[in-house]
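With chain A fixed as given, assemble chains B, C and D onto it according to the hints.
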Amino acid sequence: MLVQQYGLIGVFAVIAFIFPIVTLAFTWLLRPKRPNPLKNSTYECGIETVGDAWVQFRAQYYLFALIFVVFDIEAIFLFPFAVAFDKIGLFALVEAIIFVFILVVGLIYAWKKDALEWQ
Amino acid sequence: MTVPLSWYLIFATALFSLGFFAVLSRRNAVAVLMGVELMLNAVNVNLVAFWRYLTPSDLSGQIFVVFVFTVAAAEAAVGLALMISIYRTRKTINVDEINDLNL
Amino acid sequence: MVGQILFIIIAAFTLLMGLGTVVARNLFHAALFLVGVFFGIAALFILLEAEFLAMAQIIIYIGAIATLIVFAIMLSKGMMGREAGAYNKQWYFAGGAMILFFGLLSWLLVKMPFAAANASAPDDAIQQIGSGFVGHYVVPFEVASVLLLVALVGAIMLARERN
Amino acid sequence: MDLRALGESFVAMLENVGIPHGWVLLINWILGAVILLGVALLLAIFLIWFERKIAGRVQDRLGPNRVGPYGLIQPFADALKLLTKEDITPDNADRITYNLAPIIAVFHIIMLFAVIPFADKVVGANINVGILYLMAFGALGSMAMLMAGWASRNKYALLGGFRVVSQLLSYEIPVGLAMLIVVLMRGSMNLNVIAQGQGGLFGLGWYVWILPAVFIMYFVAALAEGERAPFDLLEAESEIVAGYNIEYSAMKFAWFYLAFFLNTWVLSAVAVTLFFGGWQGPFAAQIPALGVVYFFIKVFIMFFVFAWVRATFPRLRIDQMMSFCWKVLVPMGLALFLAVAIILKLGLPSAVTYALLFVVNIVILVVTLKLLGNYTRDLPKNKNKRLFAPELPRL
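Protein chains in written order, with the numbering used here: chain A, 19 to 137; chain B, 10 to 112; chain C, 2 to 164; chain D, 2 to 396.
With the rest of the complex left out, here is chain A (with noise of 0.2 Å):
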């Protein structure tokens, strides 16, 4: 069953990973190919480039991926235990809401820290 599922993912996977390379390839062969230094360089709104563009970002980018996390992790745990639902007894339900509450002291510390802010 399992095997049946996975192996038309599997071969799907190969063919959507090289139909696109196929294009890709393909339009290699028709387009035309002038390029000069001019057409080549970085764009930035039609003016020289000014310094490197790899330039350092700020942390607050860093914080939402790291609050993300915490709440992705948390889903991870919670699939299983939703589709297990039916099975389980009351007192797991309150093991799960106190998973989930310490989860949100979380959500609540980082609002006040304003790590929820966009500086």
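Please note that a few of the clues may not be correct.
Distance ranges between label pairs, derived from CB positions [as the list claims (entries may be wrong)]: (1) C:Phe102 with B:Asp105: 19 to 27 Å; (2) A:Tyr127 with D:Asn375: 18 to 26 Å; (3) A:Ile36 with D:Phe203: 17 to 25 Å; (4) B:Lys100 with D:Leu339: 40 to 48 Å; (5) D:Ala13 with C:Ala120: 48 to 56 Å.
Taking lysine-lysine pairs in the DSBU-like style, the calculated list, with each CA pair at most 30 Å apart, reads [said to hold, decoys possible]: (6) A:Lys51 with D:Lys82; (7) B:Lys100 with C:Lys112; (8) D:Lys346 with D:Lys371; (9) D:Lys371 with A:Lys131; (10) D:Lys371 with A:Lys130; (11) A:Lys105 with D:Lys122; (12) D:Lys82 with D:Lys54; (13) D:Lys86 with A:Lys51; (14) D:Lys86 with D:Lys54; (15) D:Lys346 with A:Lys105; (16) A:Lys131 with B:Lys100.
The hints are simulated quantities; they were obtained by calculation from the structure and are not laboratory data.
C-beta: ideal position from N, C-alpha, C; glycine also.
Frame of chain A; chains B, C and D shown alone:
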């Protein structure tokens, strides 16, 4: 199921060695952290392989892997935050240059 | 037979990507190779009939941890480009030790007999995992959430820009 | 016409010819994969025309109407143009990553088609972790955007890539919570099983009637996940030029464009599967072909709403958008999750449970809107330089 268990274990050993090599030899702390992730993944492969081959009816192996995921994520989050913090004051995150305690 | 060929292809791919992670001088490339490793391991989980873990692997490792690593790379200027001297002075020693370690361990593994149980994986694996979290493994389950909370608080403390 | 029987008779025919079982399976998979790929590509081409037409009508224009009847051939003409256009790669770009990014972008979105149930059991791969599969391959998309932004070696591309990834990550949580609540209701992550559970005459069993607040949360978050207005910072031309794909041209740009449209379609398809009964409709269980028709009608209505919103609303600022996700949608989602879990465990008769769920959904929705309304009413009093930065509500 035609794949012998030892293949998985040897594969995991190879991955673990690669990760350990990165931890021991890379200078950049982020690269070291990537090595740690490789090692954790190798352990996960072992856990799942043992579950599948030795105790398929008991799901403990899979549950353990989920906990390893959690620990790996927490480790990555705090480790990288530490690196960002160190970089802010020291302008480097090469592990052999960060060798004193005062930041 | 087909399983063995698939295993060899996936394992070779994963190990190549792992090698790339270790040797790539550019950190962003190393992170991309790492994503390849995660993907290969998810495929191995499918081969081991652990479908839930395969998806969780992609969601957590590629969706969350790899993104986190890339973000952290971007936050330190100069780490994005090519860096000189990626290895420290003891790298040849570490490499030798690792080859020895790998050789020894795989020799042991080949020698060691394992009594493989010829049972099939349960159909309601996800359900069993779910009831395991709130049943037998309830303490680690709650500790995991505390760990995540602590990690969140600590990382916010560390990474926040103080004004 | 029975699609399942057609497939089965095809397999039987191949086995009768004397092809070994393994090869029959492989042929079957390849055929299925090619059909799915064809569906995805045809859809993309049609969707581009559809969306342009809607946007045109909403904004009192005609939309494409020159090439072919009602401009239907327009997307094909566009595709031909993009195929033969010169492709410019900036000299500074990291070539391999630069070329890999559009491939991953289109790969991840096409992969999503494998688990969408078009009719009862007419689904590429009927797996038990369908919802996690959607989340997993959806997450791959943000990796493609990071790659594109980084490899272009352009400030705007990098900034755009980072902003859009922050947005996608944040809004993945409300989407995931909405999916989680539906899984809680049905007790399965298999998308086909979820669709099966929403039977009943005239769509009375659809989860949207029981969980309206969850659907609204999903819809708002899906607007952001699909990078559509009012959350379309990707296309904020006035701010970050065009986002992560600014250095891309010709076919590589076309792949990003195609991924964008298909992403919205998949999000509508998931909305229909989770909340509007998927392929359910009169006689759909008996005749799968009818189910396909119902499914596509529902998805296109859903897509129309997405396009309508896009053509109507102005754009939010990024700080407002992030605040809205973390301070409004995520707490609301967690409250809904806990409320639904507790009500389901009370052990009441199903009619009472459903009524209670509906009431609780409405209450949570009203409370959320009330808090938001109070906040915006008191805005002039709050001396905050940002216009949308809610404080924690005082209890």
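Quick rundown of the hints versus the structure:
1. Phe102 (chain C) and Asp105 (chain B) have their C-beta atoms about 22 Å apart, which keeps the hinted 19 to 27 Å range intact.
2. About 24 Å separates the C-beta atoms of Tyr127 (chain A) and Asn375 (chain D), a value consistent with the hinted range of 18 to 26 Å.
3. A hinted range of 17 to 25 Å for the beta carbons of Ile36 (chain A) and Phe203 (chain D) is inconsistent with their spacing of about 45 Å.
4. For Lys100 (chain B) paired with Leu339 (chain D), a C-beta distance near 46 Å keeps the hint of 40 to 48 Å intact.
5. One distance hint, 48 to 56 Å for the beta-carbon pair Ala13 (chain D) and Ala120 (chain C), is violated here, with the actual separation near 31 Å.
6. Under the criterion of a C-alpha separation no larger than 30 Å, the hint pairing Lys51 (chain A) with Lys82 (chain D) is consistent with the structure, at around 15 Å.
7. Restraint check: the Cα-Cα separation between Lys100 (chain B) and Lys112 (chain C) comes to about 49 Å, which exceeds 30 Å; the hinted pair is violated.
8. Under the criterion of a C-alpha separation no larger than 30 Å, the hint pairing Lys346 (chain D) with Lys371 (chain D) is consistent with the structure, at around 28 Å.
9. This hinted pair checks out: Lys371 (chain D) and Lys131 (chain A) have alpha carbons roughly 25 Å apart, not beyond 30 Å.
10. Between Lys371 (chain D) and Lys130 (chain A), the direct Cα distance comes to roughly 22 Å. Compliance with the 30 Å bound is thereby established for this hinted pair.
11. Proposed proximity of Lys105 (chain A) and Lys122 (chain D) is supported: the alpha carbons are some 26 Å apart, at most 30 Å.
12. Distance hint between Lys82 (chain D) and Lys54 (chain D) is fulfilled; the C-alpha atoms sit about 20 Å from each other, no more than 30 Å.
13. With a C-alpha separation of about 9 Å, the suggested pair Lys86 (chain D) and Lys51 (chain A) falls inside the 30 Å cut-off, and the hint holds.
14. A hinted pair counts as satisfied when its Cα atoms are at most 30 Å apart, and Lys86 (chain D) with Lys54 (chain D) qualifies at roughly 25 Å.
15. Straight-line distance between C-alpha atoms of Lys346 (chain D) and Lys105 (chain A) comes to about 11 Å, which keeps the hinted pair within the 30 Å bound.
16. For the given pair, Lys131 (chain A) sits about 25 Å from Lys100 (chain B) by alpha-carbon distance, which is consistent with the 30 Å threshold.
Consistency note: the structure conflicts with the earlier hints numbered 3, 5, 7.
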